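Asks: One-letter residues, chain by chain:
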Amino acid sequence: GAVVSQHPSWVICKSGTSVKIECRSLDFQATTMFWYRQFPKQSLMLMATSNEGSKATYEQGVEKDKFLINHASLTLSTLTVTSAHPEDSSFYICSARDPLRGILKTQYFGPGTRLLVL
Amino acid sequence: RKEVEQDPGPFNVPEGATVAFNCTYSNSASQSFFWYRQDCRKEPKLLMSVYSSGNEDGRFTAQLNRASQYISLLIRDSKLSDSATYLCVVNMEGNTGKLIFGQGTTLQVKP
Numbered sequence: 001g002a003v004v005s006q007h008p009s010w011v012i013c014k015s016g017t018s019v020k021i022e023c024r025s026l027d028f029q030a031t032t033m034f035w036y037r038q039f040p041k042q043s044l045m046l047m048a049t050s051n052e053g054s055k056a057t058y059e060q061g062v063e064k065d066k067f068l069i070n071h072a073s074l075t076l077s078t079l080t081v082t083s084a085h086p087e088d089s090s091f092y093i094c095s096a097r098d099p100l101r102g103i104l105k106t107q108y109f110g111p112g113t114r115l116l117v118l
Numbered sequence: 001r002k003e004v005e006q007d008p009g010p011f012n013v014p015e016g017a018t019v020a021f022n023c024t025y026s027n028s029a030s031q032s033f034f035w036y037r038q039d040c041r042k043e044p045k046l047l048m049s050v051y052s053s054g055n056e057d058g059r060f061t062a063q064l065n066r067a068s069q070y071i072s073l074l075i076r077d078s079k080l081s082d083s084a085t086y087l088c089v090v091n092m093e094g095n096t097g098k099l100i101f102g103q104g105t106t107l108q109v110k111p
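Protein chains in written order, with our numbering: chain A, 1 to 118; chain B, 1 to 111.
Treat the hints with care, as some may be off.
[Claimed, not checked] Simulated crosslink set (DMTMM-like; lysine to aspartate or glutamate; CA at most 20 angstroms straight-line):
(1) K41(A) / E3(B)
(2) K42(B) / D88(A)
(3) K41(A) / D82(B)
FYI, nobody ran anything at the bench for these hints, they're computed from the structure.
Only a predicted model underlies this, so the values are computations on that prediction, with no experimental measurement involved.
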C-alpha cells in the first residue's frame, strides 16, 4: 500500500519554541495532504487541509498563524507549531490521498509525531 | 450532536467471540464510509471500506444503512490480535477527501 512518513516521531521542547514536522508521501504524489491532532482518549481532529502550491484550508478554531502549513512539493508538507505551549502537546498525524487509487477517498496516514511541550 | 458517534466501550470479549460495533453519522450527504483500526500510540490504518450492499473481508463484515445513517462492523472468531480501537470514519465532502472520525470503540480480546 501507499507509504507516508513523518519526521520526527518524537519531539520534546521548551515552551515558546517552534517545532517543524514533516510529512512525506514516499511512493506517490499527493496534491492534498491533511493534518490531524489527537489528544489522549479522543478522536482524530482535522486541523487543516494542505494543498500543493496553494494556501492551506484551516478548520474552524485552528489558528493559521500558530500552525503554519507549507506544501511546497507533491511529496512534502510541513506543519510548524509556532511558539509552542504545553497545551499544544499532542499526537500530530498527517495523511495523504493517492489520486490514482483514491476512488473511495481513502487516506494513508503517517506514523504520527508526539509533541511534548514543557 | 457529534458528526460521527460511536460507543467508546471498552468491549471485553473472550477469544473466539463475535462482537459488533455500531456507528451513526449526522450528515445525510455523506458519501464514503470506512472502518479504521488504531493500535495504542500508533496511526490509524484502514481496515475496510463500507459499501451500501454490505461487504465482508475474512472475519470482518461491514454494513451501511443510509436510511438510518448507521454503520456497523462485525468481527467473528475474535483473536487476541484484534485488540485495538476501531474508528468509524465518514467522508463528508466528496471532492476534498475530508474525513470525519468517530471517537473510536476500544476492543479488548482476552485469552
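Asks: What are the numbers of the hints the structure violates, in ascending order?
Replies: The structure breaks none of the hints.
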